[in-house]
Every structure is written in C-alpha cells, then in structure tokens.
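Participant: Listed in order, the protein sequences are those of chains A and B.
Going by numbering that gives the first Met the number 0, the letters in the first sequence line up with residues 0 to 98, in that order.
Going by numbering that gives the first Met the number 0, the letters in the second sequence line up with residues 0 to 558, in that order.
Rather than coming from a laboratory, the hints here were simulated on the basis of the structure.
Please note: incorrect hints may appear among the correct ones.
[What the hints assert, rightly or not] If we take Cβ atoms under 7 angstroms as the criterion, some of the chain B residues that face chain A in the derived model are: (1) Gly-28; (2) Thr-31; (3) Glu-32; (4) Tyr-45; (5) Leu-46; (6) Tyr-51; (7) Lys-98; (8) Asp-416; (9) Gly-476.
[Said to hold, decoys possible] Cross-link-like lysine to aspartate or glutamate pairs, in silico, EDC-like; alpha carbons within 20 angstroms at most: (10) B:Lys-394 to B:Asp-351; (11) B:Lys-98 to A:Asp-65; (12) B:Lys-96 to A:Asp-18; (13) B:Lys-343 to B:Glu-431; (14) B:Lys-542 to B:Glu-553; (15) B:Lys-79 to A:Glu-16; (16) A:Lys-94 to A:Glu-16; (17) A:Lys-67 to A:Glu-41; (18) B:Lys-542 to B:Glu-490; (19) B:Lys-214 to B:Glu-199; (20) B:Lys-440 to B:Glu-362; (21) B:Lys-36 to A:Glu-34; (22) B:Lys-542 to B:Glu-512; (23) B:Lys-79 to A:Asp-18; (24) B:Lys-96 to A:Glu-16; (25) B:Lys-440 to B:Asp-520; (26) B:Lys-98 to B:Glu-13; (27) B:Lys-98 to A:Asp-18; (28) A:Lys-3 to A:Glu-41; (29) B:Lys-36 to A:Glu-16; (30) B:Lys-343 to B:Glu-306; (31) A:Lys-94 to A:Glu-34; (32) B:Lys-245 to B:Glu-260.
[To be verified] Output of the computed footprint for chain B on chain A, the stretches with three or more beta carbons under 8 angstroms from beta carbons of chain B: (33) 9-15; (34) 39-49; (35) 56-67.
Ideal placement from N, C-alpha and C gives every residue a C-beta, glycine not left out.
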Amino acid sequence: MSRKFTPKVVTGNALIEGDAVWLTEDDRWTREMSEAELIEDEAHAQMRLLFGQSQPSVVVGVYLADAKAGLNGPEPTHFREDFRTRGPSNYPHGKQATA
Amino acid sequence: MYSYSEFDEAFVRERVSQFRAQVERRIDGSLTEDEFKPLRLMNGLYLQLHAYMLRVAIPYGTLAPHQMRQLAMIAERWDKGYGHFTTRQNIQFNWPKLKDVPDILDALADVEMHAIQTSGNTIRNVTADHFAGAAADEIADPRPVAELLRQWSTDHPEFQFLPRKFKIAITGSPNDRAVTKAHDIGLRMVRNEAGEEGFEVIVGGGLGRTPMIGKVIREFLPREDLLPYVEAIVSVWNLLGRRDNKFKARIKITVHEHGIEEIRRLVEDRFTEIRPGFSGVDQEVLAGLEAAFARPSLPERSLGGFESAYTNDPVFRAWSDTNVAEHAVPGYGIVTISLKAHGKTPGDASADQMRLMADLAEELGHSEIRISHEQNVILPHVHKSDLPRVHAALKEAGLGTANVGLASDIIACPGMDYCALATARSIPIAQEIAERVDELKIEHEVGHLKIKISGCINACGHHHVGHIGILGLDRAGVENYQITLGGDGTESASIGERAGPGFSADQIVPAIERLILAYLDLRESDSETFIQSYRRLGPAPFKAALYPETAEKERADAA
Numbered sequence: 000m001s002r003k004f005t006p007k008v009v010t011g012n013a014l015i016e017g018d019a020v021w022l023t024e025d026d027r028w029t030r031e032m033s034e035a036e037l038i039e040d041e042a043h044a045q046m047r048l049l050f051g052q053s054q055p056s057v058v059v060g061v062y063l064a065d066a067k068a069g070l071n072g073p074e075p076t077h078f079r080e081d082f083r084t085r086g087p088s089n090y091p092h093g094k095q096a097t098a
Numbered sequence: 000m001y002s003y004s005e006f007d008e009a010f011v012r013e014r015v016s017q018f019r020a021q022v023e024r025r026i027d028g029s030l031t032e033d034e035f036k037p038l039r040l041m042n043g044l045y046l047q048l049h050a051y052m053l054r055v056a057i058p059y060g061t062l063a064p065h066q067m068r069q070l071a072m073i074a075e076r077w078d079k080g081y082g083h084f085t086t087r088q089n090i091q092f093n094w095p096k097l098k099d100v101p102d103i104l105d106a107l108a109d110v111e112m113h114a115i116q117t118s119g120n121t122i123r124n125v126t127a128d129h130f131a132g133a134a135a136d137e138i139a140d141p142r143p144v145a146e147l148l149r150q151w152s153t154d155h156p157e158f159q160f161l162p163r164k165f166k167i168a169i170t171g172s173p174n175d176r177a178v179t180k181a182h183d184i185g186l187r188m189v190r191n192e193a194g195e196e197g198f199e200v201i202v203g204g205g206l207g208r209t210p211m212i213g214k215v216i217r218e219f220l221p222r223e224d225l226l227p228y229v230e231a232i233v234s235v236w237n238l239l240g241r242r243d244n245k246f247k248a249r250i251k252i253t254v255h256e257h258g259i260e261e262i263r264r265l266v267e268d269r270f271t272e273i274r275p276g277f278s279g280v281d282q283e284v285l286a287g288l289e290a291a292f293a294r295p296s297l298p299e300r301s302l303g304g305f306e307s308a309y310t311n312d313p314v315f316r317a318w319s320d321t322n323v324a325e326h327a328v329p330g331y332g333i334v335t336i337s338l339k340a341h342g343k344t345p346g347d348a349s350a351d352q353m354r355l356m357a358d359l360a361e362e363l364g365h366s367e368i369r370i371s372h373e374q375n376v377i378l379p380h381v382h383k384s385d386l387p388r389v390h391a392a393l394k395e396a397g398l399g400t401a402n403v404g405l406a407s408d409i410i411a412c413p414g415m416d417y418c419a420l421a422t423a424r425s426i427p428i429a430q431e432i433a434e435r436v437d438e439l440k441i442e443h444e445v446g447h448l449k450i451k452i453s454g455c456i457n458a459c460g461h462h463h464v465g466h467i468g469i470l471g472l473d474r475a476g477v478e479n480y481q482i483t484l485g486g487d488g489t490e491s492a493s494i495g496e497r498a499g500p501g502f503s504a505d506q507i508v509p510a511i512e513r514l515i516l517a518y519l520d521l522r523e524s525d526s527e528t529f530i531q532s533y534r535r536l537g538p539a540p541f542k543a544a545l546y547p548e549t550a551e552k553e554r555a556d557a558a
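Using the sequences provided together with the hints, build the complete structure.
Facilitator: Structure below.
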C-alpha cells in the first residue's frame with residue numbers, strides 16, 4: 000500500500016513585493032492562504048506546481064507546502080508556513096498589519 | 000575616514016546602473032529568476048520569508064553622520080522606518096520592493112555606500128574591532144589596512160567565483176573584540192622582538208555547521224607583505240576548496256583536510272611566487288589611508304560636568320560604568336549605545352534613533368560612528384564632560400539602556416521571523432530573556448555574560464562563541480532550542496559545548512534563568528565571571544542546573 004499523500008498548497012513569493020502568495024483553484028495568486036487550492040492528489044499537485052512555476056514574471060520560488068483543511072480553507076501544518084501567513088513576531092508588519 | 004576616489008565613485012555608479020537594467024529585464028520577463036538570482040545576490044538582495052531583504056555594507060563598521068542619516072531616509076522612504084544592524088557590522092532593510100532597489104542603491108551611492116559583495120561566493124565586508132582608532136589597548140588603528148583589503152578585494156577578478164564566501168576580520172588590539180579566530184582569515188596586529196609592527200595571521204576559523212577555531216599560519220607577517228600573503232591564502236584555497244560539496248567548501252574544511260602544515264607550505268610557495276608583483280604601490284595607498292583615518296584632535300578639557308553627574312545621578316553612573324570604555328586619550332570615553340533595550344529587537348534602530356545618533360556624533364563625537372558585530376552603535380570619541388548630555392539624549396530616545404556586555408546585551412540573528420534559511424525564531428527568545436533578567440534585576444550583579452542566539456546551524460548569531468549559546472532548530476515540526484556552554488569569541492577563543500537535550504520555546508527562558516542563578520551560587524567571588532566559573536568548574540554543575548530531574552535521578556542511582 001502506498002503512503003497516504005499529505006495535502007498540499009502551491010506557494011511562492013510575489014515578484015515585486017516578495018510577499019507570500021498561494022495558487023487558487025481558478026489560477027489566481029492570492030495573499031490569503033485560506034483562498035488557496037488544497038490539493039489532495041499527488042499527480043494533480045505536480046501539475047499545479049508546474050503551472051505555478053511557469054509564471055516567473057509574477058511569482059518567485061514556487062514550491063509545494065503541506066497543508067490541511069480548515070473551517071475557512073487550507074491551513075498550514077508547519078510553523079514556518081504558519082509564520083508566512085502572518086509576518087514577523089517582533090513587529091505588526093506583513094500580512095498581520097492589514098488583517 | 001576614507002572618501003571615495005573618482006574610481007570608486009564611477010565603479011559604484013556603474014554597478015547601480017547595471018543592476019537597474021537587470022531589475023528592469025527581470026520585471027519585463029527577459030530574465031528568468033535563475034538568471035537574475037546571482038545578479039541580485041551580487042548586489043546584496045535576498046528574498047526572505049515575507050519580503051526582499053537588502054544587505055548594505057558598512058565597511059569595517061565605520062559610518063559618518065551623513066551616512067547614518069541617509070540610512071534613516073532610506074528606512075522611511077522605502078522600508079518600514081527602521082533598519083537592522085547585523086553581526087557582520089552591516090545593516091539590513093527587511094521590506095524593500097524589487098522595483099525600488101535600484102533607487103535605494105543610488106541613494107546609497109550618494110553617500111559613498113553600496114551593497115556589493117555583501118552576498119555570494121566572494122570576499123565579504125572586512126570586519127574590524129569596533130573600538131578601532133580609540134581603544135586604549137591598541138597598537139594601531141586597523142581600519143587603514145581594512146580599507147586596503149576592501150579596495151584589493153572589491154571586484155578582484157581572481158576572486159569573484161570562490162568555492163564559498165570568504166570573511167576577513169582584523170584587530171589592532173591584543174584584546175580581540177573582532178572575533179578574529181572565527182573568520183576565514185583573522186589578522187591580529189602584533190610587534191616582533193625588534194618592536195616592528197606586523198600581523199599574526201590566523202586561517203581556517205569559522206562557525207556554522209562545523210565550528211572551528213582558526214590556526215596560526217604565520218606568527219609574524221611584516222606589514223608590507225600583507226596583501227601578497229592574503230592573496231596567496233585565498234588563491235591556494237580557490238584551487239583546493241571543495242566545490243563539489245557546499246558544506247565542505249569553506250577554508251576551515253580545507254585546512255582541516257590538508258592540515259595546517261601543508262596549507263602553510265602551499266601558501267608560502269604561492270607567496271614567494273607572487274610577492275615580486277607587488278611593487279609597493281599598495282604601501283603608498285596604505286600611507287594615504289593612514290592619513291585619512293588619523294584620529295581627530297582631542298583637546299584636553301575639564302572633567303567637571305562628568306564628575307558631578309557621576310556622583311549625583313545613579314542612572315547616569317550605571318550607564319557610564321557599563322557602556323563607556325576606556326579611551327586611548329585621557330579624559331575621553333568610548334560610548335557604546337545599546338540597541339538592546341529590554342524587550343526590543345536586538346540590533347534594530349528606528350529612523351528617528353538613527354538621526355539622533357548621527358546628531359550626537361556630529362555635535363559631541365567628532366563625527367565618528369561605528370557599528371559593532373554585537374549589534375550596537377559606538378561613538379568612539381566623546382569627552383567625559385559631554386557624557387551626561389549624550390546619556391540624557393539617548394535616554395529620551397529609548398537608547399539609554401545600561402547593559403553593554405551584560406546578560407541582556409544579546410546577539411540574535413533575524414531567525415525565522417525574517418530569514419528563509421532559519422529553522423526557528425531567535426528574536427522572541429532574545430526579547431524574553433532580556434525582559435526576564437530585567438524583571439529579576441540581576442544583570443548588574445551577574446556581570447559580564449555573553450548570550451548569543453542563532454536561528455539555524457549557519458550560526459549568524461555566533462552561538463558557538465557565546466558563554467551561553469542558543470541554537471534554534473526544527474525538531475519534528477516544533478521549535479526547539481539547544482544550549483551550548485563555555486564558548487568565547489575573544490583572544491582566548493573556544494567553541495561552546497552542547498549541554499544536552501534541547502528545550503521547547505516555553506522552556507528555554509526558564510532554563511537560561513536556572514543557569515544564571517546557578518552561576519551566582521557557584522562563583523567564588525563577585526569578580527569571577529560566568530566564563531571563568533565555567534572554566535574552573537567544568538560543565539557538570541551547570542548541566543545539573545539545566546536538567547534538575549536528570550541530576551536528581553543520578554544522585555538517587557548513586558545512593
């Protein structure tokens with residue numbers, strides 16, 4: 000039996016601002032992780048990753064990050080990805096400033 | 000200080016205009032990220048967790064007031080109103096936008112600054128003793144030599160594609176404040192038996208994944224041989240260095256694998272070969288640099304104002320005792336401005352604070368400013384009678400904390416609050432430890448103690464040479480903090496030893512508190528510092544304080 004696939008989101012940083020962004024089901028890049036497409040199939044994840052990586056004039060450093068389903072959409076499972084949804088802990092800068 | 004020549008000015012401007020065109024081509028899609036990345040890194044531009052980060056060089060940590068004001072302007076106009084001074088004596092801006100970076104670089108060039116060779120596999124900013132030119136224990140100001148090395152290494156055609164980055168540190172004092180033994184090359188000014196000035200050359204030091212104390216490759220190098228000798232070291236390593244494995248590419252591994260004797264033989268051979276090519280032009284340049292870095296004239300003045308404030312104002316007295324070091328000229332002091340207010344981010348200064356420090360340097364400090372690798376700001380030449388005014392102004396701006404060299408004067412890298420390489424956060428741990436020792440009101444009693452925190456194995460926070468080092472790791476998806484004990488970054492350098500299992504983010508501050516309190520119980524006298532107690536007693540009693548349950552169990556088992 001193959002190992003169970005951990006759900007993923009496609010994420011990277013916006014080219015101009017460097018801000019964290021996630022790929023949505025309708026092919027947009029969103030600044031809110033909850034709007035991202037939660038990918039539950041490995042083959043589909045690879046297709047979406049390639050799609051994300053094919054847009055170098057919009058997004059930089061695209062990769063697949065582990066995620067889980069939450070009440071309002073995908074949520075991070077690792078603290079690094081959690082920090083990327085908010086910003087630094089020493090100042091109210093980054094996404095948490097506009098939230 | 001040094002002023003740009005026409006050549007420097009033209010070179011820096013040309014690099015800015017090249018980078019401006021590269022950014023335009025990246026944004027319009029003509030360059031891919033793979034093509035652009037090495038170009039942006041050559042100009043100090045990183046992509047971090049939440050934004051780009053621009054690392055600006057502050058050569059050997061020396062800044063003029065108008066440069067500090069320009070950094071403040073950049074912070075306000077293109078960033079979020081602050082800058083972060085680093086353990087490499089540089090400044091980092093955490094929030095620039097890609098399209099603005101060429102304008103920022105132009106604004107830096109306006110004040111003879113740049114971000115060249117602050118990244119990539121090149122010779123990086125040469126760091127120096129932050130008390131250079133002022134220290135009472137100094138043989139000579141190391142900055143003219145540091146500037147000579149900067150000119151030699153900038154855009155050096157042989158050394159633009161080194162196996163890995165390369166860092167040189169220099170000190171002119173026997174008391175090593177520049178951590179020379181933890182650099183690829185460390186240079187310590189010494190005198191030989193004939194009384195001539197030269198350098199002890201140390202090679203192969205470094206922290207990171209494989210921490211090493213540097214080894215002496217030449218006990219006495221005459222001053223005029225410095226450039227050819229350093230060039231010989233870098234060129235030997237350039238050929239031998241392990242380009243097959245990034246983790247084994249630094250010169251510390253090359254020295255470790257080949258042995259210092261073999262490296263010395265190769266370097267001396269190479270030195271003999273290239274020495275005749277150095278015609279003495281470098282020594283003429285150096286003589287000019289020495290004039291440029293001459294100490295300002297420091298007239299003798301009355302100490303009246305200082306003595307009455309020292310007697311009557313206990314807050315001033317505490318600050319003066321802690322933050323002001325002995326100057327070579329009687330009546331003057333070296334002021335260290337702490338960027339470590341309890342609970343604040345180590346090394347951060349707001350634009351307003353930068354401007355205030357620039358004003359104070361200009362009015363009362365002979366227009367000189369230094370940045371220390373310990374992430375503080377130095378006013379190297381302040382007359383003692385001006386100290387009460389300096390202190391009052393600093394206090395009002397949140398810069399009057401009297402903690403230099405104490406438990407809350409913590410070095411911390413940006414960690415996972417910013418850095419894409421980090422495995423855990425550093426800043427909140429530093430903030431919590433500083434707040435806790437402030438609550439306990441014990442740091443003046445504890446005395447000299449260096450706590451250093453890195454958020455990953457690359458050790459930007461120098462944790463290996465902290466008396467207490469803290470390394471943040473990711474253990475099964477949770478932040479975990481490992482403690483090392485007994486490190487030392489000075490002339491008696493040593494690498495700290497791991498104390499035992501790591502602590503969670505909740506447990507690390509109480510663990511540090513137990514350690515500090517245990518030291519207070521263990522020390523022989525008030526004058527025995529933490530590191531002295533540790534060296535006298537060894538790790539056992541400190542480990543017992545860190546892991547009381549294990550210690551308890553061992554006692555029970557022994558009984």
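Participant: With reference to the structure, classify each hint as holding or not holding.
Facilitator: Evaluated hints:
1. Gly-28: holds, 4 angstroms
2. Thr-31: holds, 5 angstroms
3. Glu-32: holds, 5 angstroms
4. Tyr-45: Violated, because the Cβ-Cβ distance from B:Tyr-45 to chain A comes to roughly 9 angstroms (cut-off 7 angstroms).
5. Leu-46: holds, 6 angstroms
6. Tyr-51: holds, 4 angstroms
7. Lys-98: Because about 6 angstroms separates B:Lys-98 from the closest Cβ in chain A, which is inside the 7 angstroms limit, the hint holds.
8. Asp-416: holds, 4 angstroms
9. Gly-476: holds, 5 angstroms
10. B:Lys-394 to B:Asp-351: holds, 13 angstroms
11. B:Lys-98 to A:Asp-65: Violated: B:Lys-98 and A:Asp-65 sit about 31 angstroms apart, past 20 angstroms.
12. B:Lys-96 to A:Asp-18: holds, 10 angstroms
13. B:Lys-343 to B:Glu-431: It holds: about 9 angstroms lies between the C-alpha atoms, which stays within 20 angstroms.
14. B:Lys-542 to B:Glu-553: holds, 12 angstroms
15. B:Lys-79 to A:Glu-16: Holds - the C-alpha atoms of A:Glu-16 and B:Lys-79 are around 13 angstroms apart, at most 20 angstroms.
16. A:Lys-94 to A:Glu-16: holds, 12 angstroms
17. A:Lys-67 to A:Glu-41: At roughly 14 angstroms apart (the allowed maximum being 20 angstroms), A:Glu-41 and A:Lys-67 satisfy the hint.
18. B:Lys-542 to B:Glu-490: violated, 26 angstroms
19. B:Lys-214 to B:Glu-199: holds, 10 angstroms
20. B:Lys-440 to B:Glu-362: violated, 34 angstroms
21. B:Lys-36 to A:Glu-34: Not OK: B:Lys-36 and A:Glu-34 at ~29 angstroms, beyond 20 angstroms, violated.
22. B:Lys-542 to B:Glu-512: holds, 13 angstroms
23. B:Lys-79 to A:Asp-18: Between B:Lys-79 and A:Asp-18 the Cα gap is close to 14 angstroms, so the pair holds against 20 angstroms.
24. B:Lys-96 to A:Glu-16: Satisfied, since the Cα-Cα distance of roughly 5 angstroms is no more than 20 angstroms.
25. B:Lys-440 to B:Asp-520: holds, 16 angstroms
26. B:Lys-98 to B:Glu-13: Distance ~18 angstroms between B:Lys-98 and B:Glu-13 Cα, so the pair holds.
27. B:Lys-98 to A:Asp-18: Holds. B:Lys-98 to A:Asp-18 sits at ~14 angstroms (cutoff 20 angstroms).
28. A:Lys-3 to A:Glu-41: This hinted pair holds, its Cα atoms lying about 10 angstroms apart.
29. B:Lys-36 to A:Glu-16: Roughly 15 angstroms separates the two Cα atoms, so the pair holds.
30. B:Lys-343 to B:Glu-306: Judged against 20 angstroms, a Cα distance of about 31 angstroms means the pair is violated.
31. A:Lys-94 to A:Glu-34: Satisfied, since the Cα-Cα distance of roughly 14 angstroms is no more than 20 angstroms.
32. B:Lys-245 to B:Glu-260: Violated - the C-alpha atoms of B:Glu-260 and B:Lys-245 are around 24 angstroms apart, more than 20 angstroms.
33. 9-15: holds (count 3)
34. 39-49: violated (count 0)
35. 56-67: holds (count 3)
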